[in-house]
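Visitor: The lines below spell out each chain.
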Amino acid sequence: MSTEYESLKQLFQQEFSKMVAVISKQFGLQHMETAEDIVSDTFLQAAETWGVKGIPENPAAWLYAVAKQKTLYQFRRNKTFEEKVVPQIGANANTTGELNFSEQSIKDSQLQMLFAVCNPAIAGEAQIGLALRILCGFGIDEIAEAFFSNKETINKRLSRAKEKLRAEKVNMELPPENTLAGRLDNVLHIIYLLFSEGYFSKTQNQVLRKELCAEAIRLAILLTEYNRTNLPKTNALLALMCFHASRFDARQACSPEEGFILYDNQDEALWDTELIRRGIRFLSRATQGSEISSYHLEARIASLHCRKEDTPEKWEEILDLYDQLLLMKYSPAVVLNRIYALYRVNGISEALAEAEKLKWDNNHFYFLLLGELVKNDDKKRAVFYFQKAMNLSKTQTEKNAIKQKLKEIQSPSL
Amino acid sequence: MKEFMFIFRQHDFDTRSISPDEFQKLAQKWQKWKKNIEQQGKLGSNGNRLSSEGKVLKPGGIITDGPFVEIREILGGFMMVKAEDLDEAATLAHGCPVLDINGSVEIRPLHT
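Note that the protein sequences, when read in sequence, are chains A and B. My numbering puts the first residue of the first sequence at 1, with every later residue one more than the last. My numbering puts the first residue of the second sequence at 415, with every later residue one more than the last.
Pairs of lysine-lysine, BS3-like flavour, derived with a Cα cap of 27 Å:
#1 A:210 / B:439
#2 A:210 / A:308
#3 A:53 / B:416
#4 A:308 / A:407
#5 B:496 / A:53
#6 A:151 / B:439
#7 A:9 / A:53
#8 A:394 / A:151
#9 A:9 / B:439
#10 A:53 / B:439
#11 B:449 / A:53
#12 A:329 / A:357
#13 A:151 / B:443
#14 A:9 / B:443
#15 B:449 / A:9
#16 B:446 / A:53
#17 A:156 / B:439
#18 A:407 / A:380
#19 B:446 / A:9
#20 A:53 / B:443
#21 B:456 / A:53
I should point out that these hints are in silico values taken from the structure, not numbers from a laboratory.
Could you build all of it, start to finish, from the sequences and the hints given here?
Guide: Right, here's the structure in full:
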């Protein structure tokens, strides 16, 4: 099969979201589904025409031209358009002019769409799902795979979310100054979740997981292109994602059965130094203000993990950062990570004493930590903890990683 | 050899959830299907796609911007092929990717 057709998938992902954003901007967010229809239809036409006649020199321009025609036709042929739609759109919308596919217009529309979709009026999972479809051009099947769900559930979730956005009369615009900070926090949080979904995903599809992470980074970069959203915390989140993503290939085992390659066993040569450099750049921009967000602390921790040599100072700083993080954003994961850092700084007995106080009997990370703490002194107990962790873990990727640990601990070489 | 016209029709907006993957596969399928006809030396011309804009002139000098058809179906592209008879032309139409998206191929001989 011709190789020139192999890049079409990427082209779809890039252009789908741009066109949906621009059309929705022009006709109002309540017509988002019509925008999706028009864009899907444009791609169907492209599949036919390009399949038969070859891919044009400038595929994006071709798509924009066809989408423009289809949009005009779609809205005009609807006889009630003038009577019903125009009044709803209001005076600001430009209903007569052509769609504007200039670079600036695309960027503006995408940023506004990001705020419209990451709206706390709808559930967090639905925000991520909508972002994946509307802003990242993912297929419903891919979203279902990422969420370990099925197409019907995702379709229902997305339609409910769109219905809610209509009911709440959400517009495509940047939030007013007095609410921008809070809304930006939510957008950053959704991007953070999107990234985590990719990084710690339930799916074993490595390509898909990497794409989720790349899209999260792309959306955050979009935010840095505007003064009002290019804040220290935006850059801190970007730094955090770059540092984590730099280890993506190194932690990827050869086969999914092996789970992830754990930090200690990773081949440093596989760390992506360009991403680490970008992370450092974003982190330095993040520190140009007085505000310290949880992303700052996490980014700093992640940056320390990008240095493999273990020095006492490194672990002391990590412990200190986790202490601050705990005060700012309590979560079981932070508590457990902090105890691990405590073990590296003050030794096993102190860490173990803290861990045993928790008694989180339903948390598999808890048992993973316990196993990790005792594995050098008491193999039998470590095996018991790791097996408990395996029984409690919910995804195959995690189970595989724990299996790997059990294998290591039970091998005679240790 | 006679000339035939393939007319592709599809339901309007039947595929809201087309995915990146489906798009790529569909384009590849169109290419493969056309190549197969071409390799048999039976391709007349690539044809063209009808643009979705246009005007309709009705009795009494009424000109509208459409719709061109009243039902929710759209006329997509067309293509010319060469075949001995209608049956052979219909055979060539088999495997046309428009069928995958719930569309149809109309096969019409040309009078010469």
